[in-house]
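Assemble the whole structure, with the sequences as input and the hints as a guide.
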Amino acid sequence: MLGRTLREVSTALKQGHITPTELCQKCLSLIKKTKFLNAYITVSEEVALKQAEESEKRYKKGHSLGDLDGIPVAVKDNFSTSSIETTCASNMLKGYVPPYNATVVQKLLDKGAVLMGKTNLDEFAMGSGSTDGVFGPVKNPWSYSKQYREKRKQKAHGENEDSNWLITGGSSGGSAAAVAAFTCFAALGSDTGGSTRNPAAHCGVVGFKPSYGLVSRHGLIPLVNSMDVPGILTRCVDDAAIVLGMLAGHDPKDSTTIQDPVKPFTLPTSADVNKLCIGIPKEYLAPELSSEVRSFWSKAANLFESEGAKVIEVSLPHTSYSIVCYHVLCTSEVASNMARFDGLEYGHRCDINVSTEAMYAATRREGFNDVVRGRILSGNFFLLKENYENYFIKAQKVRRLIANDFVNVFNSGVDVLLTPTTLSEAVPYLEFIKEDNRTRSAQDDIFTQAVNMAGENLTSAIPEPHAKEPEQLHVTSFSYLPMTNELAGIIETFVVT
Amino acid sequence: MAALMLRWSCLGKRWVLACIDGGSRHGRGAAIGLTSRRKRGQSSVAQQPLIAVQKSRKGEHEWAAVVGLEIHAQISSNSKLFSGSQVHFAAPPNSLVSFFDASLPGTLPVLNRRCVEAAVMTGLALNCRINKKSLFDRKHYFYADLPAGYQITQQRLPIAVNGSLAYSVSVGKKPSQVSTRTVRIKQIQLEQDSGKSLHDEPRSQTLIDLNRAGVGLLEVVLEPDMSCGEEAASAVRELQLILQALGTSQANMAEGQLRVDANISVHHPGEPLGVRTEVKNLNSARFLAKAIDFEIKRQIHELENGRKILNETRSFDDKLGCTMPMRDKEGKQDYRFMPEPNLPPLLLYDTASLPPGADPQQVINIDWIRERLPELPGKTREKLIQQYGMLPEHSFTLLNEVGLLEFFQNVIKETRAEPKKVTSWVLNIFLGFLKQQNLAVNESPVTPSALAELLNLLDRKAISSSAARQVMDMKRGNPRAINKLIGLVRKATLSRADPTVIKEILERKLSS
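For the record, the sequence lines run as chains A and B.
Adding 408 to a residue's 1-based position in the first sequence gives its number in our numbering.
Adding 66 to a residue's 1-based position in the second sequence gives its number in our numbering.
These are calculated hints, taken from the structure and not from any lab test.
Beta carbons are placed, not taken as given, at the ideal position from N, Cα and C, and that holds for glycine.
Some clues are possibly wrong.
Stated by the list, open to error - Chain B stretches covered by chain A per the calculated footprint, using a threshold of three residues with CB under 8 Å from any CB of chain A: (1) 165 to 173; (2) 211 to 220; (3) 503 to 513.
Written out as structure tokens, the structure is:
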């Protein structure tokens, strides 16, 4: 049952094959069994059971709230959840219990979803491994897959059983792991530079990044206000579409959401791609790309072509500038957003009370890890009067050029872009930590962050399940680990035809 | 300050403390020369320098002072600029704080329409150009009463620019000697107010009240077109009247609804401007004038003694009557301005540019607001002069006293007496009476009807003016005055009226 899609389970609930309480208990039990993954920071057992009970009552009366009623979901721990601790995996917010729900959380709850818990992440969503939070790293469930264990047995002898586990990617690694390990049917992540798509790729699930302004950020503890979006992680594209339909739309509490009404949609059961024009950006053929990913990319392109789509090469000329541009803008906004964490109104406060300044300094040193502090310092540097023009303004101008690259491509008849999400498959933790967070982020965000700056929506999807037999590709590819290709584009066009 | 004053007189300077003491309206022979570089308003009175020029002992060098103002007016609205919490004066501490005001992570600003309208109204009243597109920015600094670590303001592109404010100053001893001046308005911007800090020295702690955090402010920046405390105070007073007439701010300085920072520098005419200091948070018109004039003199004194002026922030100690350095900053603060990413550009329209089919709830039409602007003080004074033939200085007094204009107009309505008589009675006898009793107009025991009736009696010559004054005396609480009145009435009725009845009637009338 837990391996089903959201839609399948929802049908099962409606038909009474399983009750919300049973479903909830199964998930809770699996969460306990998979505790070693460290995907969850908080498991909201009592709350979940209560919500399941309410859902059951509704089903009995025949008043179900829809496709999400009774469905176990998880939420990344940088979304504000009323009465449930929200930590952002940081000492700064350990013990912080918000008094309100993020809009997206509220929408899920209003549709009857059952909240299993808050998932683990890199501290304040800064990172691409889900390794730098105060509650420890998240382990990729695929580390424990039969194939991977077989491969490891062949390679290293006398090694500790669990020492070579793989990272989930980040920063929404907990959410991706929670979905991949079947402990819930959908999870919320956040995406600023790839934080939903990267772990989705590494954990073999679908990660959807909506266009900026489509989904409300009210209650999402911000990293970069002008790029953040809530992300959706599910095990198939159809499930992501269901959740998106519940979440999209204008929120008066978020002035950056678009005013236009959002029409609900359903994906067609069979994808007809022969009217589709798919662009392959040549600049994304990076030398660091692993051969497996490259071949996978080609295979996906060929698959589309064989189904009748037009596949052409396109150019996004400013791609090479985007990672630096992203870094300047991201750190600047981070420096600003983190200014509120001073220990006065909420969160961690140090013991020093010599002076206000001393208190601020100690609180922030104790509350933030090196990654966060590093970004704050960089950001403040870029925002100094003498630097602002050369760094921040310049970066905004370059950002405009990058966004225009996408606009130009989509205006030239291309409907969708097809690119890899990551440079390679998920790496072992021990290898990942050989480089620092900043280096890793710069490397790993290479395919994903340009689109955040442009505001476009992105799916990191395994297109195969909706095309032909997925096994075919998996078996023929070298990798036994999921890799995903990224589908950037105007997803509405794709699904509505 | 006392020591400084002594030194001045010892040095035998010609000018004394004209602008400092209460008689600043009649400032004469004071030290500061006027720069003729700025434009002056039109006036029927010849443009005399407000104060004479000081000649220093060395080299006959004049000094010119340059004063600019940054005025923060709290917007009169039900809720705050970016959140729905209420705006009330003197509520229990931390009882009007929304999640956003407390900077809870994940909260976002939502712009208050009423505040935008208030800004547009004020901009129009001050002859500004309203920017159809304006932007919001973050101004960063750490302080306990600023929960987010930044203030949302409009640094790059404010909502209104390039306006002007006309005000009057007295230029002679006689009340009729007034001159109109104009000060240019650089800009008006919307920004958040901060919370309040209460320093508890004995316990070495600071108490923070966030009720005020996030309240909408209009910052009105006046160019340095003023040259002394009185001009600044007059300009501020006129701005107060305008804001109150518009209803955009109650502008009560004592309640902190209007706060003024002054930028002051001195230089020799013809030479470049001097280093300026900022004097902050002046919360009464009187202190404003005193502080500015003190600071001008202090700067002149420092420079004449070979010292330099530091570009610093100072506060005014009203007990000592002097300015003191405020912040211990080594170098200037860098506020690291950054665009506010959670607020899109603010777009305003006029009738020509209004998008078709636009929801009136979602758009603001500048023309619509302009058509509905209330009457401004300048216009009101003009009408009073034309309608009632009163002198300009009378029209100023009528508007300067809270509630007096309304009182006057109510009396006019109910009396047949000549307007000039009414004016005279209201401004001299009535106002004098209030001042003596230390009462505000709305606390007056004399109602407009009562005064109207009294004036009617006077007009009919039923009572003499001395009798009328006795009535006021009566109100002053002099019970024996009523006997005199009874006597007078009896006389007027040729002894036909019954004294008891007269007393009854009088008491009834007087107590109403």
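Now for the hints, and whether the structure bears them out:
| no. | hint | in the structure |
| --- | --- | --- |
| 1 | 165 to 173 | holds (count 7) |
| 2 | 211 to 220 | holds (count 4) |
| 3 | 503 to 513 | violated (count 0) |
Going down the numbered hints, you'll see the structure goes against just number 3.
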